[in-house]
Amino acid sequence: MVFVDSYPQTSKLVRSQFIVSFVALGIGALFGIIQALHRTGVFRGLISSADYYTILTGHGVLLALVFTTFFIAGLFSWAVTNTLERELPQRVAWGAFWLMLVGTVLATVAILGGVMGAPSILGQDLSADVLFTFYAPMQAHPMFYVGAALLIVGSWFAGLAYFKSLWAWRSENPDERIPLQTFMVLTTMLMWYISTIGVAVEVVALLIPWSLGLISQVDPLLTRTLFWYFGHPVVYFWLMPAYLVWYTILPKLAGGRLFSDPLARVVFVLFLLLSTPVGFHHQYVDPGIPEGFKAIAMTNTMFLLLPSLLTAFTVVASVEHGARQRGATGYVSWLRELPWDKPAFTGCMLAGLMFAAGGFSGMINAGMNINYLVHNTLWVPGHFHLTVGTAFALTAMAISYWLVPQLTGKKLRRRSVAVAQPYVWFIGMALMSNAMHRAGLAGIPRRTAEPTYDEFAFQGIAGSVGEMRLQIAIGGTLLFVGAAMFLLVMAETWLAHRGGTLSVNGHIPEPLSGADHSPRVLDNYKLWTAIALVLIVIAYGPPLASMVADGITAPGSPPIPV
Amino acid sequence: MQVHNFEKIWLGAALLLIVGFIATIAYGTVGAGVQMVDDSGGEIDSQAVQNGDTGTTFDDPGVVRQNDSHYVVYVVAQQFQFSPGTGDNPIRVPADTRVTFRVTSADVIHGFSIVETNVNTMVIPGQVSEVTARFDESGTYGLVCHEYCGAAHHEMGGSIEVVPKSEYEHNSTEVQN
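Chains as they are written, first to last, in my numbering: chain A, 137 to 698; chain B, 334 to 510.
Calculated directly from the structure, the hints in this document are not laboratory data. Heads up, the beta-carbon is just placed ideally off N, CA and C, and yes, glycines get one too. Check before you lean on any hint, since a few could be wrong.
[What the hints assert, rightly or not] Which residues of chain A face chain B? A partial, calculated answer using Cβ under 8 Å:
hint, residue
1, Asp311
2, Pro356
3, Asp422
4, Gly424
5, Ile432
6, Phe439
7, Leu445
8, Phe449
9, Leu509
10, Thr513
11, Glu586
12, Val617
13, Met621
14, Leu623
15, Leu624
[As the list claims (entries may be wrong)] Straight-line C-alpha distance at most 25 Å; calculated SDA-like pairs for lysine to any residue:
hint, chain 1, residue 1, chain 2, residue 2
16, A, Lys388, B, Asn451
17, A, Lys148, A, Trp292
18, B, Lys341, A, Trp470
19, B, Lys341, A, Phe449
20, B, Lys341, A, Leu471
21, B, Lys341, A, Ala651
[To be verified] So these bits of chain B aren't anywhere near chain A, every CB distance computed over 10 Å:
hint, residue
22, Leu344
23, Gly385
24, Gly388
25, Thr390
26, Asp392
27, Arg425
28, Thr454
29, His479
30, Val496
31, Lys498
32, Ser499
The following block holds chain B by itself, in its conformation from the complex:
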């Protein structure tokens, strides 16, 4: 088969580009430690989530303090709200701390995306999505359901309130009372 010289050079450059892309992603995983959403969250019965009898924290979702440096947030997504998250029930977490979101659905497929951050996962009935993040800056972050979930899908949003670590300890005790 006859291949023109220019075409050989082009082919070589194209392969280099492809290998380069794969290398950056491999570096992101191994070097920078970017983790993918995967099967670590496990499975769950979506009907039980709907009825509130899973026997897990999803029956009373919210922020759970593991220790000073790690908080776990349980969120149930259902038509058309996040619990907690939507309306006057924002998710409150401390800044500069490891926060793991565990999100599941009580009905259809939803999305869970914190605007302008890397926190972005599908929420699929029967599965638990697990994403770990650290918010460097305090402030209010937008929360969006980014998968069509029914006639009022566009109303399904919410917010994350990230408060400075020092203020958080105080308030979280109050919440626990």
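The shape of chain A in the complex, shown without the other chains:
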């Protein structure tokens, strides 16, 4: 049975989540190409340099928060339903969807309001040119913060729907192991609950009252620290769904099965433990934070490499097993036997390959002292366009080619476009990202409309500044084309009539080493959550205590609207 026929209610929910996600992707991608052409000086006719920051805020929020969160909510809804074999509790799940959607609309209107010349609301001009990180004391319209808060709170309720489904399943299956996909979803959501506390406190307790004039000042270092308490785990909130796909679906697409269920569970537990007590690695060059706390975060960050290195092994081993099941031989030539003509497979593999490159540049960022050379340079967006911008985004697009037919009962249309699309994304990203990394080494900053200065000129690294700009412009254009190709395939598939039988199904083969080899303690969520909280108290307790010791809002700054 096709998923849409087995679970029509949850299918409708997932389709709704995906539609919001894909609309955000389309707008975000359009903003992306506008920036790529503006920043590099190739074409500056569309926007002024002051409006560049509005477009940049929209790009960051719509892609890193809206596209991701809605897609993840949809993927998780599918995975929990598929493996627990029951519809999600609809009231909670739909309530979550509407909360998230209202939040998204409020934040988007606040961001775009300035450019559109919207009227002032609540006595303040509608504007939110504060970028994805909204560092105080730069102040956005209150509507932006309220929207962001609703999006986060909505995601909490989405998680509640998964847990309610688990509890219902558990009462009927008291002795069974939690199915792997559901285990991955719930572990990710626990990590999300722990980490979003930081941004929720920042926004609800400090920034909303401050933007409404109820409190006169906030401490910029404290709000920034609360943001980064959330700001690194959010990276794993993007990545763990990609891992879910690579662990459970990719081996099947390769013609095989997952290498080891126990190690997959170990990896997810490690992420739950280590994702949060690392946020200070985004603040290595912040004043006001003693070196020792930075060193603790650095150590945790380095150990956070472990689950990703283990994943590299397991995924490659599982795919190789798949190739050998298809009759492949040899140390390297098995790669030829893989289904490179399946867009879902190709997209996931290319995403994984780029993630390896992104992982290595991330190790540089994590190096506390070498980070001096690259902090806030173009190196950093070069890095995260490989991680969230490819490991997550390309995996999401690729798995949609496999999932959307099952959610609609309709065959994938424009197959040839879908087959080419991951390659277009890969080439575009290779051009853009390598140039961004090198530009960062040359000291060229990120987040700027015109990276040229009156007082001096940048010198290129392994190439000229002009050549790097050209690669960024061409790469950015190809990425926009890649996003458009994906949306074309999705739109045609969605609008087509149902007919014929699908060539895909949601059955997940048993791992080579199955759940019965996993120690039961791995499924003990209370234990792991408790250890995660202890690690957070160690990493964050003393520095937060010293920041609030002189008063929560001191040393304070009044709001500065932009």
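Could you slot chain B onto chain A? The hints should help.
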């Protein structure tokens, strides 16, 4: 729990890599003496910085000579300039001498980065960032605000003029006059 032999080897190698990374950073701190930006700069009232009544050198920022081998540079960052640093007001320091930058903000968060060097710090209202450097080569270095600080953020740059030590003594006396 059953773990494949290849996977055990991989796990061991991964742990070795991680411990190796941590060791290089520990060596950088203890052996090579790379210091992190930390809380040594202290706190300051950003409103007072804005009004120029902090009662510190930030009210009249610039280069202060401690002794022949150590200079301290006070810099105020504000939308959209460094004082000193931006336009025809470059920061002038001697080569081959210890230079400590003390930087703070009068309004929003800024960045303070000297291009192609290790001098790179956030500038956060309420805090003073302290970075010590030694410029081996004289010449003009680029100065960049690398954190988005408002609509004209892209115009917030500047320069550091590093002059040979012998020439500097002469000029700095002139400046003090």
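Consistency of the hints with the structure:
1. Asp311: violated (19 Å)
2. Pro356: Since chain B brings a Cβ to about 5 Å from proline 356/A, closer than 8 Å, the hint holds.
3. Asp422: Holds, because the Cβ-Cβ distance from aspartate 422/A to chain B comes to roughly 5 Å (cut-off 8 Å).
4. Gly424: With Cβ-Cβ at 4 Å, under 8 Å, it holds.
5. Ile432: At 11 Å from the nearest chain B Cβ, isoleucine 432/A fails the 8 Å test, so the hint is violated.
6. Phe439: holds (6 Å)
7. Leu445: holds (4 Å)
8. Phe449: holds (5 Å)
9. Leu509: holds (7 Å)
10. Thr513: holds (7 Å)
11. Glu586: Where the cut-off is 8 Å and the nearest Cβ of chain B is about 4 Å from glutamate 586/A, the hint holds.
12. Val617: violated (27 Å)
13. Met621: violated (31 Å)
14. Leu623: violated (29 Å)
15. Leu624: violated (34 Å)
16. Lys388/A x Asn451/B: violated (47 Å)
17. Lys148/A x Trp292/A: holds (20 Å)
18. Lys341/B x Trp470/A: holds (23 Å)
19. Lys341/B x Phe449/A: holds (11 Å)
20. Lys341/B x Leu471/A: holds (24 Å)
21. Lys341/B x Ala651/A: Judged against 25 Å, a Cα distance of about 19 Å means the pair holds.
22. Leu344: At roughly 7 Å from the nearest Cβ of chain A, leucine 344/B sits no farther out than 10 Å, so the non-interface label is violated.
23. Gly385: The claim stands: glycine 385/B keeps its Cβ more than 10 Å from every Cβ of chain A (closest is about 17 Å).
24. Gly388: holds (15 Å)
25. Thr390: holds (17 Å)
26. Asp392: holds (17 Å)
27. Arg425: holds (13 Å)
28. Thr454: violated (5 Å)
29. His479: violated (4 Å)
30. Val496: holds (16 Å)
31. Lys498: With a cut-off of 10 Å, lysine 498/B remains clear of chain A, as the shortest Cβ separation is near 22 Å.
32. Ser499: holds (24 Å)
Against the hints set out earlier in the document, violations occur for numbers 1, 5, 12, 13, 14, 15, 16, 22, 28, 29.
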